[in-house]
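> One letter stands for each residue in the lines below.
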Amino acid sequence: MNIIFLGTTGIHHTLIAAHLYLGKLEQESYTNLKFWDDRKREEIGYPIFIDYDKKRNKVYSLGGAWEILMTQKSIEQLVKIMDFSEQDLVVKPIFIKRERILLFLHKIGRFKIVNHLVLPVISYLIKKEFAAIKQQVEEFKSGVRFA
Amino acid sequence: MKIIYHCFGGSHSSVTAAALHLGMLNRNRPPTVEELMKIPYYDKTNDSDFGSIRYMGTDEYDNEIYVLGKKSLGNRYSGILMGVAEILGITDQLIEVNCMNLVNWSMKIGGFTSRRLRLELLGRPVVVWGTQKAFYELVNLVEITRLKARRKKISAQAT
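These protein sequence lines are chains A and B, in that order.
Per this note's numbering, the very first residue in the first sequence carries number 1; after that it's consecutive.
Per this note's numbering, the very first residue in the second sequence carries number 1; after that it's consecutive.
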């Protein structure tokens, strides 16, 4: 089975969600995570493979910009069209209150000089949302049925 | 093989390309207003259709043709679709075609007026004119896609 954590970006809060799900992030030390603010990865648009969980499910992180629900819908329909099911791929959207600000900061941060300024702000925003991200991951963990 | 044509609204360029692929339109001359309006989904979508992968038909090589509106996500959606295909191990069974590059200003303005503002009387003639102007480029895109599909099928059969 494959699990995709989907949010506005795939390199911030969804990355944290994926690591929380994998049990690899107990403290809020997320700025050292692999792929944290990795803009090149994000631009490609491909889901970012994070790791396998204990049941050998593959865990990914993905950004869908402003259109999280639309992206979720497309992925779920694509899975069905290609004759697969929820047992093969699950999309878990991760929402945070400040996701519009986060995406705005991410967009203006594409200029290197600006990025140095916005990155601490992004980190601060994520810190504020950490509990909400954790809660969504816990809900997902308790609700998902594995193949 | 599944082929997904996608554009902003999944209502004009992608739908016209899919119709061309399925032989619903004559490739040798731009379509009339009536011919365009006969195409399923052409200038008929609403907000709930964004993100929906809609079936248009099956071509003579058994390829299923779909259309999709992905708003302003641009090339990013190509990555998402092909990324999911890669995860599922089926990249040889999927072709996604971004039609956004062929959308001209008439299609953008007409499409926006017709679909977003719901002023079909004003927007439809403009978007139809834009579609007719972009027609031969769409024909070219579809021909390339058909070749790509055949090549992909042949290489999949060979392996």
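The reader is advised that the hints may include incorrect statements.
Said to hold, decoys possible - Lysine-lysine pairs mimicking DSS-like chemistry, simulated, CA-CA at most 25 Å apart:
hint	chain 1	residue 1	chain 2	residue 2
1	B	K153	A	K97
2	A	K80	B	K133
3	A	K73	B	K133
4	A	K73	B	K71
5	B	K71	A	K80
6	B	K153	A	K40
Simulated from the structure, these hints should not be mistaken for laboratory data.
> What's the verdict on K71/B and K80/A, does the C-alpha distance respect the 25 Å limit or exceed it?
holds (22 Å)
> Would the hint linking K153/B and K40/A be met if the CA-CA limit is 25 Å?
Given that 25 Å is the threshold and the Cα spacing comes to 32 Å, the pair is violated.
> Are the Cα atoms of K73/A and K133/B separated by 25 Å or less?
violated (32 Å)
> Just to be careful, I want the Cα atoms of K80/A and K133/B compared with a cutoff of 25 Å; is the pair within it?
Not OK: K80/A and K133/B at ~36 Å, beyond 25 Å, violated.
> Would you check the hint for K73/A and K71/B, treating anything up to 25 Å between C-alpha atoms as holding?
Status holds; Cα separation ~13 Å.
> Just to be careful, I want the Cα atoms of K153/B and K97/A compared with a cutoff of 25 Å; is the pair within it?
Since the Cα atoms of K153/B and K97/A sit roughly 46 Å apart, the hinted pair is violated (cutoff 25 Å).
Consistency note: the structure conflicts with the earlier hints numbered 1, 2, 3 and 6.
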